[in-house]
Amino acid sequence: MHMVITLFFSGTAVSLLTYQFIEIVQAFIDLFNKPY
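Taking my numbering, the leading residue of the sequence shown gets 1, the next gets one more, and so forth.
Keep in mind that the hints are not guaranteed to be accurate.
Pair ranges (Cβ atoms, derived) [what the hints assert, rightly or not]: (1) 1 with 29: 40 to 46 angstroms; (2) 22 with 1: 29 to 35 angstroms; (3) 9 with 32: 33 to 39 angstroms; (4) 34 with 3: 29 to 35 angstroms; (5) 4 with 26: 31 to 37 angstroms; (6) 3 with 35: 47 to 53 angstroms; (7) 30 with 10: 27 to 33 angstroms.
Because the hints were derived from the structure by calculation, they are not lab data. C-beta atoms are modelled at their ideal positions from N, C-alpha and C, and glycine is treated no differently.
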């Protein structure tokens, strides 16, 4: 049972990190796409 909880938490952490990474990448893309 301990392994299941560990896997669940690590999976959640990876999901959150991936989501934040995508948000940052999209922000950079928006910055570069701004017409100056």
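Evaluated hints:
Hint check: residue 1 to residue 29, Cβ distance near 42 angstroms, so the stated range 40 to 46 angstroms holds. At about 32 angstroms, the beta-carbon gap between residue 22 and residue 1 stays in the expected band of 29 to 35 angstroms. Between residue 9 and residue 32 the beta carbon distance is about 35 angstroms. The supplied range of 33 to 39 angstroms therefore holds. A hinted range of 29 to 35 angstroms for the beta carbons of residue 34 and residue 3 is inconsistent with their spacing of about 47 angstroms.
For residue 4 and residue 26, the Cβ-Cβ distance of about 33 angstroms falls inside the hinted range of 31 to 37 angstroms, so the restraint holds. The hint said 47 to 53 angstroms for the Cβ distance between residue 3 and residue 35, and at roughly 52 angstroms that hint holds. In this structure the hint that residue 30 and residue 10 lie 27 to 33 angstroms apart at CB holds, the actual value being about 31 angstroms.
Violated hint for the displayed structure: number 4, the only one.
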